[in-house]
Each structure stands twice: as C-alpha cells, then as structure tokens.
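Guided by the hints, dock chain R onto chain F, whose structure is given.
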Amino acid sequence: MSEHDTAAPLVVAENLGRNFPTRRGLLGRAHDVWAVRDVSLTIARGETVGIVGESGCGKSTLGRMMMGLDLPTTGAMRFDGHDLSALSGPEMRKLSRRMQMVFQDPFGSLDPRRSVGAQIADGLRTHAIVPGPEVKAEVARLLEQVGLPTSAAQRRPHEFSGGQRQRIAVARALSTRPDFIVADEPVSALDVSIQAQVVNLLEDLRRDLHLAMMFISHDLHVVRHLCTRIVVMYLGRIVEEGPAEKVFGTPAHPYTRALLAATPSLQPNEGSDADRILKGELPSPANPPSGCPFRTRCPIAEEACASAVPPLDPVGDGWNVRCIKAGPVAATMREVHA
Amino acid sequence: MSRSVRKLILPGTIAALIVATVLLAPVLPLQDVRGMDIPNRFAGPSAGHWLGQDDFGRDVLSRLIWGGRASLFIAVGSAIFAAIIGTALGLLGGYFRGAVELVTVRAAEIILCLPPLLLALLVVTILGAGTWPLVLALTILYTPNYARVVYAATQQVRGLDFVTAQRAMGTHPMTILVRTILPNVLPPLLVQMSLVVASAMVIESGLSFLGLGVVPPTPSWGLMIRSARGAMEVAPLLLVWPSLALAGTILTFNLLCDRLQSALDPRAVTAGGALWLRPRSAAAKKRITSLEAEADAPLLEIRDMSIAVRDMELVRRVSLTVRPGETVALVGESGSGKTLTGLAMTGLLPDTLRVTGGTALYTTRAGKAVDLAKLDEEGIRTLRGEEVSMVFQDAAAALNPVLRIGEQVAEAIRAHHEVEGEALQTRVVELLRQVGIPDPEQRARAYPHELSGGQRQRAMIAVAVANNPRLLIADEPTTALDPTIQAQILQLFAQLKCDTPGMGMIFVTHDLAVVAEIADRVTVMYAGEVVEEGPVAEVFERPRHPYTAALIASVPEGGAARLTAIPGSVPSPRQMPRGCRFAPRCGFATERCSAHPPPAEHPAPGRVTRCFHWETVT
Numbered sequence: 001m002s003e004h005d006t007a008a009p010l011v012v013a014e015n016l017g018r019n020f021p022t023r024r025g026l027l028g029r030a031h032d033v034w035a036v037r038d039v040s041l042t043i044a045r046g047e048t049v050g051i052v053g054e055s056g057c058g059k060s061t062l063g064r065m066m067m068g069l070d071l072p073t074t075g076a077m078r079f080d081g082h083d084l085s086a087l088s089g090p091e092m093r094k095l096s097r098r099m100q101m102v103f104q105d106p107f108g109s110l111d112p113r114r115s116v117g118a119q120i121a122d123g124l125r126t127h128a129i130v131p132g133p134e135v136k137a138e139v140a141r142l143l144e145q146v147g148l149p150t151s152a153a154q155r156r157p158h159e160f161s162g163g164q165r166q167r168i169a170v171a172r173a174l175s176t177r178p179d180f181i182v183a184d185e186p187v188s189a190l191d192v193s194i195q196a197q198v199v200n201l202l203e204d205l206r207r208d209l210h211l212a213m214m215f216i217s218h219d220l221h222v223v224r225h226l227c228t229r230i231v232v233m234y235l236g237r238i239v240e241e242g243p244a245e246k247v248f249g250t251p252a253h254p255y256t257r258a259l260l261a262a263t264p265s266l267q268p269n270e271g272s273d274a275d276r277i278l279k280g281e282l283p284s285p286a287n288p289p290s291g292c293p294f295r296t297r298c299p300i301a302e303e304a305c306a307s308a309v310p311p312l313d314p315v316g317d318g319w320n321v322r323c324i325k326a327g328p329v330a331a332t333m334r335e336v337h338a
Numbered sequence: 001m002s003r004s005v006r007k008l009i010l011p012g013t014i015a016a017l018i019v020a021t022v023l024l025a026p027v028l029p030l031q032d033v034r035g036m037d038i039p040n041r042f043a044g045p046s047a048g049h050w051l052g053q054d055d056f057g058r059d060v061l062s063r064l065i066w067g068g069r070a071s072l073f074i075a076v077g078s079a080i081f082a083a084i085i086g087t088a089l090g091l092l093g094g095y096f097r098g099a100v101e102l103v104t105v106r107a108a109e110i111i112l113c114l115p116p117l118l119l120a121l122l123v124v125t126i127l128g129a130g131t132w133p134l135v136l137a138l139t140i141l142y143t144p145n146y147a148r149v150v151y152a153a154t155q156q157v158r159g160l161d162f163v164t165a166q167r168a169m170g171t172h173p174m175t176i177l178v179r180t181i182l183p184n185v186l187p188p189l190l191v192q193m194s195l196v197v198a199s200a201m202v203i204e205s206g207l208s209f210l211g212l213g214v215v216p217p218t219p220s221w222g223l224m225i226r227s228a229r230g231a232m233e234v235a236p237l238l239l240v241w242p243s244l245a246l247a248g249t250i251l252t253f254n255l256l257c258d259r260l261q262s263a264l265d266p267r268a269v270t271a272g273g274a275l276w277l278r279p280r281s282a283a284a285k286k287r288i289t290s291l292e293a294e295a296d297a298p299l300l301e302i303r304d305m306s307i308a309v310r311d312m313e314l315v316r317r318v319s320l321t322v323r324p325g326e327t328v329a330l331v332g333e334s335g336s337g338k339t340l341t342g343l344a345m346t347g348l349l350p351d352t353l354r355v356t357g358g359t360a361l362y363t364t365r366a367g368k369a370v371d372l373a374k375l376d377e378e379g380i381r382t383l384r385g386e387e388v389s390m391v392f393q394d395a396a397a398a399l400n401p402v403l404r405i406g407e408q409v410a411e412a413i414r415a416h417h418e419v420e421g422e423a424l425q426t427r428v429v430e431l432l433r434q435v436g437i438p439d440p441e442q443r444a445r446a447y448p449h450e451l452s453g454g455q456r457q458r459a460m461i462a463v464a465v466a467n468n469p470r471l472l473i474a475d476e477p478t479t480a481l482d483p484t485i486q487a488q489i490l491q492l493f494a495q496l497k498c499d500t501p502g503m504g505m506i507f508v509t510h511d512l513a514v515v516a517e518i519a520d521r522v523t524v525m526y527a528g529e530v531v532e533e534g535p536v537a538e539v540f541e542r543p544r545h546p547y548t549a550a551l552i553a554s555v556p557e558g559g560a561a562r563l564t565a566i567p568g569s570v571p572s573p574r575q576m577p578r579g580c581r582f583a584p585r586c587g588f589a590t591e592r593c594s595a596h597p598p599p600a601e602h603p604a605p606g607r608v609t610r611c612f613h614w615e616t617v618t
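Chains as they are written, first to last, in this note's numbering: chain F, 1 to 338; chain R, 1 to 618.
Chain F extracted, bound-state conformation (with noise of 0.2 Å):
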C-alpha cells in the first residue's frame, strides 16, 4: 500500500445512482424507483466514513455498490484510480482481493455447512495470499488477530455465539489483507457488551492496518465513536456530509438534527418531547416528494422547499449541507454533554 500517495482518495465515488424499475401488473409501465441518487463520496486509507440514515434510504445499496457487487445506473465508482464498471470479471475479481464486506446478520454471513477455518482458508487460496502450505498458520494468525482461539478453525459456525461469528466474518474479510473495507451494520444484531468488543476491534485494524472504512450504521452513537467522518442520507440522497464532530455537534440539516434528537440516551434531558420528535414517515422511494425530499416531515420546510431539489452545498471545510435554510444550530442531542 506503500507505493501509492496516501493523501490521494483509494475510493472514489462519482454521482452514483441505482435505479430498481418496478412494474405494476403484468403490462404495466416500468416506474423508477430510485434506491440511491447522485451521491459522491471518497474515502481515503485510515479514515472511516459513517453512512447514517433510516432504513430505505439507500445506505446498503450505496455499500453495494462501493464494493462493485452491484453496478450503478449513472455515475462511476473508482477504486484506486480502476473504474469499477468498465472492468472485465477476471480483472474485478483480481481487484476484490483488496476490497471486503462484512454484513449485519452473523448468522447468515457464514456458510452453515463449512467450517470456519475453511471458509477463511478461502480468500487465502483464491489469491494465493500465501502459499499452499502455509495457509493454515495464516488462518490460525487471523483467527488470533480478531481474539479467537486457533481451535476455532475445525468448528462450524453454529458452535459460535453472535459476537464470535461478526469476529469470524471479519478475520474471513482481513484474509485477502484488504485496503477497503465495507462494514454493512456490523453490530446492529449484537448484544451491546458485545457490541463493543466488535467496534473496537473495528477501530484497532483501521488504525493498525492503515484501512479506509465505510461503515453503515443506523446507531449514532456507535457512527460517531468509530467515524472521522459522517454522511447522513435521506431517501437516496446525502442530505448533509462533513467532519464528526461538525455534522453531531452543530447539525445543519434539519433531518440531522431530528435524527439526533430521536435517538435516546442515558441521560434524557428534560425538553418537551413534541420539538424533537420527526413526524410522519420516510416517503415511498416510488414516489418521492417534489423538491427536497425531506420537505414533507421538515419542521421548518416552506414553499419554496418543493419546488426544486437542493443542491449540496458548503457550509465549512469538507462539510456539505443539502438544505435551503441550512444553518450550523447547537445540537439538541442530548448526547453533546461530553
């Protein structure tokens, strides 16, 4: 990873997009349903960037993508300078060697009939990461790595508990040594002490292995422990980007500082409940809202909210707001007392 510049992004985003047409009834017209929207990202080595946002609103087909599983619409998806649509199957296949996936459900992630050792034993033979006869003590090495036991190896995945497998799925993603990892709501299924034996972890191979991360959570308070940077989306679109502490600490999106305000904490201040809670629901993707798609929730939407899709625009260094009437507000979040 040496040979590259590090301040250069490893991955790059360019207006992505990711229609799903559905049809109703049989000769039905083809309606769009926009599962993500124009949406631009980079992440650099050793930085993690949290993706937040309810569900449907396109964090996991945008994780899709940035892995190349899924093929975008419109834009490109550049990792390391390749374009990741215009390469053949071999060449993606070679380029997967450095980017992985860990998924949300431990428990489907792992295949039920193989054993461990074997299913991480994989990635090592597919690119001959190491050679033949070594492949066992490199798996011992990366069962160690995540703190399991090398016995682990011969055991199937049904002897492990929740917090074990997530450790499993990452040691299987670290096999092929990896410079981008997508981390698809890694703890949501978790127990929170074991939650947090996984985000440190999480936290540990970034910093050790120098990796760019992107990690999809639902949880602010997880995102914002574990990321240098957030994006927050809405419907598809990146509603609000920019540094952890900007984006948690004065929200200028008004869907920000509702989500924030929304989630609960240890120590629940004493506010009227009515301010801070988002009425309504997230819109069909089907049949989105005219202009800016948060405009139908938005406390503080107008007229001129419908008419026309915000653009993303700067509010401070790195940090883009999609709102009107954007403006850095001090954070209702209960959460700002540290």
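Mixed in with the good hints, there may be bad ones.
Taking CB as the label site, the calculated pair distances span [to be verified]: (1) Val309(F) - Gln495(R): 51 to 59 Å; (2) Leu348(R) - Phe20(F): 38 to 46 Å; (3) Leu102(R) - Gly28(F): 18 to 26 Å; (4) Gly325(R) - Gln267(F): 18 to 26 Å.
Chain F residues, not near chain R, derived (Cβ > 10 Å throughout) [claimed, not checked]: (5) Phe20; (6) Asp105; (7) Pro112.
No lab work stands behind these hints: they were computed from the structure.
For clarity, every value in this text was computed on a predicted model and none was experimentally measured.
Note that the Cβ used here is the ideal one computed from N, Cα and C, for glycine as well.
Frame of chain F; chain R shown alone:
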C-alpha cells in the same frame, strides 16, 4: 456418534444389503434364473426353491434377485443421471438468471408438459425396448424435476450474505456454485432423489409390465408382476414376492434419503424428538382459589420465580414488583431470560417450558390476588387482554396477515365485551386514533402488509390496549424500528402512561438508552438471574453491580476514547458457574464469587444488588 448419524444405521444397512445382494447375484449359489421346470410350475416354497417356482417352473428367489438387478439399475441409474444433469441446469439457471435461466431450467420444463408415461413410451418406441433406452427415457423424464427443485433452492441461497461474501472475495462463480451453493441445496436434492428412485421403479415396472421395458426372459420386478398377474388365482404368492420387494426397496430408499438429509444439516444436531408429546406438568397447572388482595398491594409481585425446560433452569429465582402507574424496565442481553419472564406473566410460555417455582401475585381490577404462575389456561384467558396484555417485538409476525387491522382490534374487544356493529366500529376507530394512526377510518380496512413498520407497531399496541389492561408487557417493542420511528413509539407509550394513570408496564429491552427514556425502575438480568434493581436514575448514576456498570460503560455514548467491552460471552444454561454467574467475566471477582452465589444486598432503600463487592463497584 451423533443422534442423526445413529439414525442412519438402520436404513443404511438395509439399503446396503439390498444393493449387495443384487450385485453379488452372479456369485451367490442361486438356481439358474432361466432354468425351466415345467412339471413343477406353480410349486410352493420348498427346500430347493425357498420362494417357490413360477409359471415356467423357474426359481422365484433367483428371479427376484436378478430382477432387482435390472430394476434397481434402471431406477437408481436414471435417478443419478437425471440428478447430475438437472442439478447442473438448476444451479446455472438459478445463479446466473436471465438468458442462462431460459436455456436451462425453462427449456427443461417443456418436458414437464408431456405426460410422463407417454414420453417414456415414445422414447422406448423409437429406440426399441431394453435396459438402456429405458434409462435414457427415465433420465429425460426426471431431469426437469431436479432442475426445478435445485433452481428454487439456488435462488433462495444465492441472496444470502455468505454467498455475497464469496462474491465480494473475488471467488470465481463456478467455484461459488460448487463449493458454497451446492452443499446448501443438497437437502431438497436428496428428498427429490428418494422420490425419483421410487417413482422410477414404479415406471420401470409399469413399462416392463406393458412389455416395453426389460425384454423377457431377462427378469425384472415389473415383468414378474406381469406374469404373476395371469396366474393370480392359481398362485397368489407369486404376486406377493415382487410386490414386497418393490415396496420394501422404495420405502428403504425414502427413509435413507430423509435421514441422510438430517444428518447432513449441521444445525439439526441438537434437534430432539417430539417435545410436544411430553406430558405437561399437572401440578403446575392446578387451579388455585383467588384470595382477597391487601389494600396497598402492588399490581404485580413476582417472588423467586424459576422457569425451566426439562431439568435446565433458564430463569432462576427472579423477583420483580410493579406498582400501579409504574413502568419497570427489564433489561439484559439475549439469553438473560427477560423475554421468558414477560411471557410467563401472560401464560404464553412455549409448551416445553414451565414455571417451576415461586409466585407471581397479580392484583385484579376486582381486588383479588391471583398467582399468574399457577393459573390454568382457562383462568389466564379471562385475564389476558382485559387485565394483562402484551406487545411483541415483531409486529409483522404478530399480526394476522389475512385479517384487516380493524378486524383484529375488534376481535380483541369482542373477546371480553359484548359490543357489536356501530358501537364496536366507533371504538375501533377511536383506538386506532389513540395510537396515532393517521386517517383511522380508512386504515381500519388496511391489511398489515399495507402499513409501514411503525404503523404496524401502533396497530399492535391498539390491539394490546383495546380492553384497557392494567398491566402492559412490551417485549422489545421498538427494537426493529428506525430511530425517528422508535422515538414516535416511545412517545406513544409515554402518552398511554399519561392517559391511563393506573396502568403498570413491564418494558423488556436490551437498550439502556431506551430504559433511561421510558422507565421509572429498572431490573437488570444476567444469565437468567436478576443482578440489580432500583430506580432508573439512581442505578444509572451509581450502578452497584459490576455487570450493570460494565453495560453502561459499553454504550458508545460520551467521549470515551475506547469502549469498555465485557470480555467473554454469556454462559450457556448447561454450564452455569456455581457461584455468581457473572464472575468469569467480572473484573471484581474473587474466590468467594465463584464459590457460592451472592445474596441480595440493599445498598439503599428500594435498591437490590447481588454482588459481594457492591460497595467497591462505583
């Protein structure tokens, strides 16, 4: 040897015997299969001919074994050929979809349009009767069956995360198909295999019976049945032997494939026998007479309640008190027994579990005290909904998908009140409005799938509060929801509390922040035991049990540079530590902790902790 492998022994041995017998036919000391002995036609069993002689005086036993050779070869051979071709087609079609699907699975399905027997007749007519044309005919016939089964299973498996993980790893698609998908579609494949072998034997017999299969004088079971039919009245036994052989072999293969399927599933190892056949404990279900409750009795007082499955204790000596108007949070990790405790209060424990000790005294509206832990089904049904009610985590699963929301709310009301028609409808709409469903008149006619996750949860809360229960048990009601929707539902619970001041609530959750938002008192559970309880603010401010302290520290809130993780994982119910159950993961543990369980300590009025070192925790 595991249970499922042991179960393979019986069908495996029989199948091996059958196969060995037909394979060894040339070397076995059998009578000549074609040697006729006309004078002794239709002779019964004798020392020389164990199963008797047929219409040409040939030995039935040797014809049965040689006939099995032909029948089994055709059936098993065509089943295997069809399995190989069909699996390949199904895997390719199911994994790559699109055009590949068209030329593999869909093309194979054309064969399904033809009546099976006619197709076999066609092939045999073109190629002539005999063993190999029959194998070919049956292979063509059964290939689409396999293709369809494997195609469906492949589609299911290909979307799973572990397949995506392989793709993300850059594994070649063919390697993924063989190494990852094939083993996971094997179970349905095996079932299909057993069905095909059986059905192929029947068709082989049928065709041979019609004179289109195996050519006489080569014996086959079908031919034997055919010739025995003519002599049925003279020698009925001749019909019995080949029929028995046919039925027995088919049953053996079915059994073998079934058991092979369960032996191949690594997760089925712990699956036991028919648990539901175990008798329910009569003692625990005996009716008790309700007593007059004391004047200032709490709404619910659980004392030393234990819940066990067979001899394994999952919840041990749990105590919990809920006063009218109070919200008690029951917090703990998965496996802590918090959900079981909640379920026991509504008599909804799975049949294999039962309350093995302790009491759960509930004070009814009428001022009677009843023990929820000992009430029979009849008794608890009168309380359910009206007095004690429950909100589940997964509203999508808890609501009936084929009934409209309004009907489900109405059903709950009708269970306890005799309201009908207009009055009922008004009450339903009023309830839906109370739980914050917009446009309740319209939405009452919606089916659950037409509502969003948050709305479904609201509808389920409407069902739960339909009869103004006095105790509401909510089992992780916001866990599956997004933050902004979770905030709305928490607000709804707060509103309900406000509107019905006498209602007590047990809020089961694993999220400490939610506890801080909603509850008055908190009970922390670990590995089936209560480790600490007290008022929420006090417990969070100064936890008196190392587990509570560690849980709070592991929440990524605040500015800690590094999260405090609790090492290890929750012990399994089979191997509970002898002393304090948290001792193996606890930083404060001393020898005393692992020797015997700590008693309940009272650090302050209204607070309980079970720790020897409570004074030094914080």
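For each hint, the structure was consulted:
1. Val309(F) - Gln495(R): 51 to 59 Å: violated (35 Å)
2. Leu348(R) - Phe20(F): 38 to 46 Å: Holds: the Cβ-Cβ distance is about 40 Å, inside 38 to 46 Å.
3. Leu102(R) - Gly28(F): 18 to 26 Å: Holds - the Cβ-Cβ distance for Leu102(R) and Gly28(F), about 23 Å, lies within 18 to 26 Å.
4. Gly325(R) - Gln267(F): 18 to 26 Å: holds (24 Å)
5. Phe20: holds (14 Å)
6. Asp105: Per Cβ check, Asp105(F) is inside 10 Å of chain R; nearest 6 Å; violated.
7. Pro112: violated (6 Å)
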